[in-house]
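> Below, each chain spelled out in residue letters.
There are 2 protein chains.
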Amino acid sequence: MDQSDLKAPTWQFSERARKLTSSAIREILKVTERPEVISFAGGLPSPATFPAERMREAADRILRDTPAAALQYSATEGYAPLREWIAQRYSVNGAQIRPTQVLITTGSQQALDLLGKVLVNPDSPVLVETPTYLGALQSFSMYEPKYVQVATDEQGLIPSALTPELTADARLLYSQPNFQNPTGRRLPLERRMALAEFAKTAPFPVIEDDPYGALDYAGEPLPTMLSMAPDHIVYLGSFSKVLAPGLRVGFIIAPEELIFKLVQAKQATDLHTPSFTQRIVHEVIKDGFLDTHVPTIRELYRDQCQAMLASLERYMPEGVSWNRPEGGMFIWVTLPAQIDTMKLLEEAVAQNVAFVPGAPFFADKAQNNTLRLSFVTVPPAKIDEGVSRIAALIRAKV
Amino acid sequence: MDQSDLKAPTWQFSERARKLTSSAIREILKVTERPEVISFAGGLPSPATFPAERMREAADRILRDTPAAALQYSATEGYAPLREWIAQRYSVNGAQIRPTQVLITTGSQQALDLLGKVLVNPDSPVLVETPTYLGALQSFSMYEPKYVQVATDEQGLIPSALTPELTADARLLYSQPNFQNPTGRRLPLERRMALAEFAKTAPFPVIEDDPYGALDYAGEPLPTMLSMAPDHIVYLGSFSKVLAPGLRVGFIIAPEELIFKLVQAKQATDLHTPSFTQRIVHEVIKDGFLDTHVPTIRELYRDQCQAMLASLERYMPEGVSWNRPEGGMFIWVTLPAQIDTMKLLEEAVAQNVAFVPGAPFFADKAQNNTLRLSFVTVPPAKIDEGVSRIAALIRAKV
Numbered sequence: 001m002d003q004s005d006l007k008a009p010t011w012q013f014s015e016r017a018r019k020l021t022s023s024a025i026r027e028i029l030k031v032t033e034r035p036e037v038i039s040f041a042g043g044l045p046s047p048a049t050f051p052a053e054r055m056r057e058a059a060d061r062i063l064r065d066t067p068a069a070a071l072q073y074s075a076t077e078g079y080a081p082l083r084e085w086i087a088q089r090y091s092v093n094g095a096q097i098r099p100t101q102v103l104i105t106t107g108s109q110q111a112l113d114l115l116g117k118v119l120v121n122p123d124s125p126v127l128v129e130t131p132t133y134l135g136a137l138q139s140f141s142m143y144e145p146k147y148v149q150v151a152t153d154e155q156g157l158i159p160s161a162l163t164p165e166l167t168a169d170a171r172l173l174y175s176q177p178n179f180q181n182p183t184g185r186r187l188p189l190e191r192r193m194a195l196a197e198f199a200k201t202a203p204f205p206v207i208e209d210d211p212y213g214a215l216d217y218a219g220e221p222l223p224t225m226l227s228m229a230p231d232h233i234v235y236l237g238s239f240s241k242v243l244a245p246g247l248r249v250g251f252i253i254a255p256e257e258l259i260f261k262l263v264q265a266k267q268a269t270d271l272h273t274p275s276f277t278q279r280i281v282h283e284v285i286k287d288g289f290l291d292t293h294v295p296t297i298r299e300l301y302r303d304q305c306q307a308m309l310a311s312l313e314r315y316m317p318e319g320v321s322w323n324r325p326e327g328g329m330f331i332w333v334t335l336p337a338q339i340d341t342m343k344l345l346e347e348a349v350a351q352n353v354a355f356v357p358g359a360p361f362f363a364d365k366a367q368n369n370t371l372r373l374s375f376v377t378v379p380p381a382k383i384d385e386g387v388s389r390i391a392a393l394i395r396a397k398v
Numbered sequence: 001m002d003q004s005d006l007k008a009p010t011w012q013f014s015e016r017a018r019k020l021t022s023s024a025i026r027e028i029l030k031v032t033e034r035p036e037v038i039s040f041a042g043g044l045p046s047p048a049t050f051p052a053e054r055m056r057e058a059a060d061r062i063l064r065d066t067p068a069a070a071l072q073y074s075a076t077e078g079y080a081p082l083r084e085w086i087a088q089r090y091s092v093n094g095a096q097i098r099p100t101q102v103l104i105t106t107g108s109q110q111a112l113d114l115l116g117k118v119l120v121n122p123d124s125p126v127l128v129e130t131p132t133y134l135g136a137l138q139s140f141s142m143y144e145p146k147y148v149q150v151a152t153d154e155q156g157l158i159p160s161a162l163t164p165e166l167t168a169d170a171r172l173l174y175s176q177p178n179f180q181n182p183t184g185r186r187l188p189l190e191r192r193m194a195l196a197e198f199a200k201t202a203p204f205p206v207i208e209d210d211p212y213g214a215l216d217y218a219g220e221p222l223p224t225m226l227s228m229a230p231d232h233i234v235y236l237g238s239f240s241k242v243l244a245p246g247l248r249v250g251f252i253i254a255p256e257e258l259i260f261k262l263v264q265a266k267q268a269t270d271l272h273t274p275s276f277t278q279r280i281v282h283e284v285i286k287d288g289f290l291d292t293h294v295p296t297i298r299e300l301y302r303d304q305c306q307a308m309l310a311s312l313e314r315y316m317p318e319g320v321s322w323n324r325p326e327g328g329m330f331i332w333v334t335l336p337a338q339i340d341t342m343k344l345l346e347e348a349v350a351q352n353v354a355f356v357p358g359a360p361f362f363a364d365k366a367q368n369n370t371l372r373l374s375f376v377t378v379p380p381a382k383i384d385e386g387v388s389r390i391a392a393l394i395r396a397k398v
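Chains A and B, in that order, are what the protein sequence lines are. Residues 1 to 398 in the UniProt record's numbering are what the first sequence spells out, letter by letter. Residues 1 to 398 in the UniProt record's numbering are what the second sequence spells out, letter by letter.
Pulled out of the complex, with its shape left as it was, chain A reads as follows (with noise of 0.2 Å):
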């Protein structure tokens, strides 16, 4: 649909609305469609790893067992028994989380709108890893904030960064501490523990949205920085990449004092997440589920990566660097500083390959050479043939 075809009621927008313009990665989607292009652009978890089978059963029994509850309103704040499955599984590492600090939400996406809701007016500094979730800064800019990046590095964001100059009047922090989207970096233990010390005493929330946890390939995760302070960190987690991203169901879990407006916030929004599919994640996950189910899922994607690292070292030339990711679902490939990833994918859709521009990504200052690349839903000799394409074009023109 192409808006300037469109004749339409003259009505105006908000000044949000106005700010709004068509995501690149939207876009890319709809050509992506096409079953003949060799995808690395989706965010899609594989869906050979949806526990169809299993969800079916709970499904029926659910609808069997309690259907008048499936099917009513229910509480904003979510299904008990699922935040309190959470709350467990999160008190780790000393730490307690309690039921009250848990807030179910419509998928992750719906956190971040809501932490813009109640957190963020416009030109609030907010503070953003560079580059960040293109996501996060969608949901934010709605609430109009002014971007401040914080430096980063191969291992993620440098704590050090965080002067008072740099944050003063920040209204919230987000980074994504694993397997970051779009970068695939992994901020190590100390940097953690820096950035944890860190909110104990910011006057702001430090966000950890940290959907790809899990999926750390050797089994060996890194403590959360919820862990470090439960009390101080809001934390973001999602069923999306551990089950299936269709029943949009995450979580947030922070201060009950944020969680009391985030409540208010979310019965505005969409009153409740619906009842059925929050029963149906704790109907799979309450009995240990999760715990068999992840590794399948790890293995899968870390064999996917390593056919990708493969592919890329076998046909990449020499000026393209990306890292080795140790978890997740993407690699980031930074090209020579002449190539404009926007239009080399416009030339490898044309030969049938997409990627997602590295740009859309940063809040400023886009390094315009830089692309993701996503293997989980790709098949291994379609890898191969997908880098081979994509490198072919970039050494057209090193």
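Worth flagging that the hints you see were computed from the coordinates, not collected in a lab. Every residue gets a Cβ at the ideal spot worked out from N, C-alpha and C, and that includes glycine. Be a bit skeptical, because a hint or two may be false.
Said to hold, decoys possible - Stretch-level coverage of chain B by chain A, calculated; a stretch enters the list once three of its residues show a Cβ under 8 Å from a Cβ in chain A:
#, region
1, 252 to 262
2, 331 to 339
What the hints assert, rightly or not - Dumping the calculated DSS-like pairs for lysine-lysine here, alpha-carbon to alpha-carbon at most 25 Å:
#, chain 1, residue 1, chain 2, residue 2
3, B, Lys382, B, Lys19
4, A, Lys382, A, Lys397
5, B, Lys19, A, Lys146
6, B, Lys382, B, Lys343
7, A, Lys286, A, Lys30
8, A, Lys19, B, Lys146
Once you have looked at the hints, place chain B on chain A.
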């Protein structure tokens, strides 16, 4: 949870969050969870009307036949067959609704949030009925509008009250023409026609929020304003009252120019409504199920409405008046001017009976001697007992 008990970080909330106060309805609903309370307070549909077995079969078929699609991320606009079903369903009386005019939302409440997001700036005038739906006030208030109340009478909104002076600079007019929450009033045909004509030239959208339209007891619906001005009315629909609210599936029908912005805002808000619940709704309704199912809901609610009207007639003293709804879930009661229903509620709860005071439904200048009764979840014998208790409390005051 008492907010004052919390030792919490000293984080600053946004201006909009500071204005949030706990909803009276919310606090009331907590009290009415006690099984001994006869509650006329809820806006909940009767679980007796949920087609649980049919949903169970639908859920099973979907997870058997299309698990990958039902559990994966999906388009922000919504499940295409459901959008097509809705477009066809509302293409009546000569109006042609295109599927591209339909956006699936996470319940109707999300539609209100998204409309506030893309239309309302701080201090934008927003026109509402007197009284109006409390949930709409909650959603729009997050965008800090200036409410302007439009005069109503026993038949609902008075179109001639929409003078240029009253509507100057307005960003939207919010209305519920069918069996309004809280008053149960239905807007007559000639007023619908006048409001549809108004919408055709107004520089802002007229919102027709219609969760209860299918619930007219005689099965003789009045035409929607959407059908009279399909390119100028923004119509909000919901499956909460005709199937089940716990699935959280609603929709917006609007000109594409607005849908385009709403889709962008929804992407930033929760990416999409759960794929699985959208498919369940479509699977359940696609073969005409609502045409046989909705009449059974109408019949139940009509009988319970008549029971409550008979009880009101039996017990209420002189000076108390109420409407006789032609559909929907609510009766609106006006008491002698000196009785404050917020205080009356405290006494009523002590007598194990509950209702919703009218005051929170007014954007301004509340009529404190009003209250809303819902009859749909209480069996007739208990309706009689509950009304007699409230009437006794009122009789003691007149």
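> Could you grab the alpha-carbon distance between Lys286(A) and Lys30(A) and see if it respects the 25 Å cut-off?
37 Å, violated
> Checking one constraint from the list: CA of Lys382(A) to CA of Lys397(A), max 25 Å. Satisfied?
23 Å, holds
> Mind checking the alpha carbons of Lys382(B) and Lys343(B) for me, to see if they're no more than 25 Å apart?
23 Å, holds
> Check the hint pairing Lys19(B) with Lys146(A) against an upper bound of 25 Å on the C-alpha distance.
22 Å, holds
> Is the Cα-Cα distance between Lys19(A) and Lys146(B) 25 Å or less?
Given pair Lys19(A), Lys146(B) holds - Cα atoms ~22 Å apart, limit 25 Å.
> Examine the region 331 to 339 of chain B for residues whose CB is less than 8 Å from any CB of chain A, and state whether their number is three or more.
violated (count 0)
> The region 252 to 262 of chain B covered by chain A? Criterion: 3 or more residues, Cβ-Cβ distance below 8 Å.
holds (count 6)
> Sort out whether Lys19(B) lies within 25 Å of Lys382(B), counting only the CA atoms.
38 Å, violated
In summary, the structure is inconsistent with hints 2, 3, 7 from the numbered list given earlier, while agreeing with the others.
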